[in-house]
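Undergrad: So the chains spell out like this:
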Amino acid sequence: MRQAPCWIGGILATATLLSGCIASEKPLLDGNAGVHPIQPGRYQVQEYVVGNWINRQDGRLKLADSTYTWTEKPGDKEAKDVPCADSQSTCIAEPADALKFTLHEIGGGLLLAMVESNDDRYHHVYDLLEITPHGAVRYGMDCESAQLSRGSESVRMESTDSTCNILSADGLKAVARAFAKRRFPSVRYVWTGP
Amino acid sequence: MIACSRSLGRRGRLSSTQLWRAASLSSVAVALSACVGSKEPLFNPATAVMPAPIGQYAEEKSNSGAWTKIGVVAVTRDANGYRIERDSGSTERLTFYPGGDRFYVAALTSTPDKQFIYALFRKDGNRFLYYEPRCSDFQFVRLPKALWPVIDGTVCEYDSRRKLVDALLAYASMSEPNKRYVPIER
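Chain order of the listed sequences is A and B.
Note that this note's numbering has the first sequence beginning at 1, numbered continuously upward.
Note that this note's numbering has the second sequence beginning at 1, numbered continuously upward.
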């Protein structure tokens, strides 16, 4: 079975992919009840390297209804226009790397991002974000580290193919809080303009 | 026992493209989960201790709070350390040094590339809890700034024994053990 991509968004995806995702077969959060505390616009992506934030690529965040779309290829020339939902008009296609997600507050300033995955089994993957004065940080939750976090050891999860399959929303929130308590965020998004 | 590796190379991070390619290669994935280590030996083998009785131990891994046996290791004495032989046939040589509060720093002394890598055990009754920090996780753990490692390639490095021990203890205070070893009664 193919391994679920944790977060198709550059540097952090690679790290989490290698040590497994936090995922579920069914949505553990209500995708229609997403919050939108992060301002759409352009962001500079920075990677945490032992106390320093190193500039990486930049990207663009869009918001439609409660769904965010993140892309690091805002000017993707390979993206082809596609028919809109009404089949009558033509819509501008998303870049190939476009990542759609919803955000869900879990308290303490933390937000869970729920991403739809095209994995055979795990249709939803999760990551943890926190709002900052200049944008947001993302923790890059991965299965291996989540299992080492104090407070997540009693959460029911099935660990297969390096993926933590979480079985309940409460369990997911407990894992996320435990993760944030133990680890620094891995990636920072700094707002650079609309 | 110590499954991490220093073998991937010592300079720089992989590019995203390289990492995506690496994701399909399980051997590389293991190598990416590199260790906490040092370029020079940080412990004097003459000060090694022997806290574990020799014999066979069940190797157990936690799954949602329940410990599950995943293998057996045979522990024999080897000079001032231990020789660990897994039921799969692989062997390692570890030396133990006191870390305080029933903790022991384990130094892997049989790496093919003659490097020095470390893990942590805690004696829990007659069992041993095992903490194996992987640099890919360890570098993000909320350690005090004074205990942050130097990242050399994929390795979290220390050049001071005191700093290494304090960092490992701080790591263990925030982490669940990776495995535990339970003596098998004869």
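These aren't lab readings, by the way, just hints derived from the structure by calculation.
Watch out, some of these pointers could steer you wrong.
[As the list claims (entries may be wrong)] Covered by chain B, according to a simulated footprint, are these stretches of chain A (three or more residues, beta-carbon under 8 angstroms): (1) 27-36; (2) 48-55.
[Claimed, not checked] Calculated cross-link-like contacts (lysine to any residue; reagent style SDA-like; alpha-carbon spacing at most 25 angstroms): (3) B:K163 to A:S159; (4) B:K163 to B:A58; (5) A:K26 to A:K100; (6) B:K145 to A:K26; (7) B:K179 to A:G59; (8) A:K181 to B:A170.
In this text, a Cβ means the ideal position worked out from N, Cα and C, and glycines have one as well.
Undergrad: Hint by hint, say whether it matches the structure.
TA: Against the structure, the hints:
| no. | hint | in the structure |
| --- | --- | --- |
| 1 | 27-36 | violated (count 0) |
| 2 | 48-55 | holds (count 4) |
| 3 | B:K163 to A:S159 | violated (34 angstroms) |
| 4 | B:K163 to B:A58 | violated (32 angstroms) |
| 5 | A:K26 to A:K100 | holds (17 angstroms) |
| 6 | B:K145 to A:K26 | violated (40 angstroms) |
| 7 | B:K179 to A:G59 | violated (40 angstroms) |
| 8 | A:K181 to B:A170 | holds (13 angstroms) |
Hint check: violations occur at hints 1, 3, 4, 6 and 7; the rest are consistent with the structure.
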